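Residue strings, one per chain:
There are 2 protein chains.
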Amino acid sequence: MEDNFSKQMAFLIEIDKLKRVERRAKIMSGDRLENDAEHTWHLAMMALVLQGHANAEVDLLKVLRMLLVHDLVEIDAGDTFAYDTKGNEDKFEREMNAAKRIFGLLPEEQAAELKELWLEFERKESQEAKFASALDRLQPLIHNHHNHGDTWQKYGITSGQVLSRNREIADASDRLWEYAQELVQKSVDQGFLQE
Amino acid sequence: MEDNFSKQMAFLIEIDKLKRVERRAKIMSGDRLENDAEHTWHLAMMALVLQGHANAEVDLLKVLRMLLVHDLVEIDAGDTFAYDTKGNEDKFEREMNAAKRIFGLLPEEQAAELKELWLEFERKESQEAKFASALDRLQPLIHNHHNHGDTWQKYGITSGQVLSRNREIADASDRLWEYAQELVQKSVDQGFLQE
Chain V
1 MEDNFSKQMA FLIEIDKLKR VERRAKIMSG DRLENDAEHT WHLAMMALVL
51 QGHANAEVDL LKVLRMLLVH DLVEIDAGDT FAYDTKGNED KFEREMNAAK
101 RIFGLLPEEQ AAELKELWLE FERKESQEAK FASALDRLQP LIHNHHNHGD
151 TWQKYGITSG QVLSRNREIA DASDRLWEYA QELVQKSVDQ GFLQE
Chain R
1 MEDNFSKQMA FLIEIDKLKR VERRAKIMSG DRLENDAEHT WHLAMMALVL
51 QGHANAEVDL LKVLRMLLVH DLVEIDAGDT FAYDTKGNED KFEREMNAAK
101 RIFGLLPEEQ AAELKELWLE FERKESQEAK FASALDRLQP LIHNHHNHGD
151 TWQKYGITSG QVLSRNREIA DASDRLWEYA QELVQKSVDQ GFLQE
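These protein sequence lines are chains V and R, in that order.
Going left to right, the first sequence walks through residues 1 to 195 as the UniProt record's numbering numbers them.
Going left to right, the second sequence walks through residues 1 to 195 as the UniProt record's numbering numbers them.
For the record, the hints were derived by calculation from the structure and aren't laboratory data.
None of the values given here were measured: they were computed from a predicted structure.
Just so you know, not all the hints are guaranteed correct.
Said to hold, decoys possible - Derived lysine to any residue pairs resembling SDA-like cross-links, with alpha carbons at most 20 Å apart:
id	chain 1	residue 1	chain 2	residue 2
1	V	K62	R	E57
2	V	K62	R	D59
3	R	K26	V	Q51
4	V	K26	R	I75
5	V	K26	R	K115
6	V	K26	R	K62
7	V	K17	R	N147
8	V	K17	R	K26
9	R	K186	V	S6
10	V	K26	R	A10
11	V	K186	R	L12
12	V	K7	R	Y179
13	R	K62	V	Q51
14	V	K26	R	M9
15	V	K26	R	N147
16	V	K186	R	E57
17	R	K115	V	L48
18	V	K17	R	E57
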């Protein structure tokens with residue numbers, strides 16, 4: 001029991017490192033890159049506020065738990081850019097090794113539980129995973145639109161790539177997918193995103 | 001309905017500002033101050049992992065929802081340092097005005113619901129509020145111990161002040177209060193915190 005508490009604290013101290021994993025998109029003020037910890041908080045807030053727009057009813061607690069842990073593997077594996085084909089080839093293997101180490105800091109039962117939550121998110125099969133994943137796609141799109149296409153221009157991303165990458169939002173929410181398409185169209189119209 | 005969606009998105013964009021509200025404690029690597037958004041994510045992770053140590057059974061979804069919104073008022077009101085007596089005098093008034101403006105961006109029903117969650121957290125009466133608040137006290141203590149008393153030394157804080165400030169952790173969890181006291185004692189022993 002006491003040993004369990006020490007393991008939990010070791011895990012909670014280790015995951016502080018998520019605050020140093022930088023993403024490709026900037027925070028909305030545009031003055032620095034966003035990190036994974038604040039990104040995760042933002043997704044959890046989106047789930048809280050937007051759950052009513054999911055196509056299917058979702059268990060909010062499950063969505064939140066899944067979101068909270070979904071990027072922890074990036075402490076070891078780093079943030080793999082959505083449009084980096086090569087980086088995405090061995091992404092799952094790198095992340096699986098990270099999951100074993102990081103969740104493995106916890107007491108056995110809790111480690112298994114959180115690792116399974118992460119895997120459920122990755123599989124995108126359950127309604128909760130689909131919704132959580134849709135938010136994870138939508139959030140950087142909002143950031144990029146808001147920051148005048150900053151990341152898209154830096155990496156030469158086209159509207160076709162953005163639409164193809166984000167089409168799965170439709171599996172979770174028609175309303176969010178409609179909104180995503182509006183943002184892409186506006187970004188093209190305003191010259192932030194090449195067609 | 002459509003108008004509601006626009007309001008939700010306006011709220012979700014506005015709260016991105018939480019990522020720029022700096023706290024007094026540094027992240028554990030010690031290289032910069034922590035911000036409220038990443039702090040909030042860390043508290044949510046603590047709730048997920050440590051809920052079994054609460055004295056009373058708590059509704060985890062409620063704890064998480066409460067934690068996710070608990071610092072949003074600081075977008076307008078700023079982070080009031082725990083040991084700043086003067087700043088704490090008008091803290092509630094400043095935060096109530098902030099709550100009205102920020103939650104007020106949401107559709108009416110949702111605004112009322114999230115504002116009530118924030119108030120429940122502030123009141124510290126429900127088991128969920130007590131547990132959420134205990135985590136909010138414990139987390140900077142862990143950070144400060146980990147960073148060799150950085151904030152305590154900078155502001156000349158004593159172990160008596162830290163114990164008095166954090167005593168309410170005991171209302172939520174005997175185990176977490178015991179741990180908090182251990183950290184304070186270790187910090188004194190190691191010369192990070194004056195007695």
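Right, here's what the structure says about each hint:
1. V:K62 to R:E57: Holds: K62 of chain V and E57 of chain R sit about 18 Å apart, inside 20 Å.
2. V:K62 to R:D59: Distance of about 13 Å is within 20 Å: holds.
3. R:K26 to V:Q51: violated, 33 Å
4. V:K26 to R:I75: holds, 18 Å
5. V:K26 to R:K115: With a Cα-Cα distance of about 28 Å, the restraint between K26 of chain V and K115 of chain R is violated, given a limit of 20 Å.
6. V:K26 to R:K62: violated, 30 Å
7. V:K17 to R:N147: holds, 14 Å
8. V:K17 to R:K26: Since the Cα atoms of K17 of chain V and K26 of chain R sit roughly 12 Å apart, the hinted pair holds (cutoff 20 Å).
9. R:K186 to V:S6: With a Cα-Cα distance of about 15 Å, the restraint between K186 of chain R and S6 of chain V holds, given a limit of 20 Å.
10. V:K26 to R:A10: Given that 20 Å is the threshold and the Cα spacing comes to 18 Å, the pair holds.
11. V:K186 to R:L12: holds, 19 Å
12. V:K7 to R:Y179: Holds, because 13 Å separates the two Cα atoms, which is no more than 20 Å.
13. R:K62 to V:Q51: holds, 15 Å
14. V:K26 to R:M9: Holds. K26 of chain V to M9 of chain R sits at ~18 Å (cutoff 20 Å).
15. V:K26 to R:N147: Roughly 28 Å separates the two Cα atoms, so the pair is violated.
16. V:K186 to R:E57: violated, 48 Å
17. R:K115 to V:L48: Distance of about 13 Å is within 20 Å: holds.
18. V:K17 to R:E57: violated, 30 Å
When the structure is compared with the earlier hints, violations turn up for hints 3, 5, 6, 15, 16, 18 and for no others.
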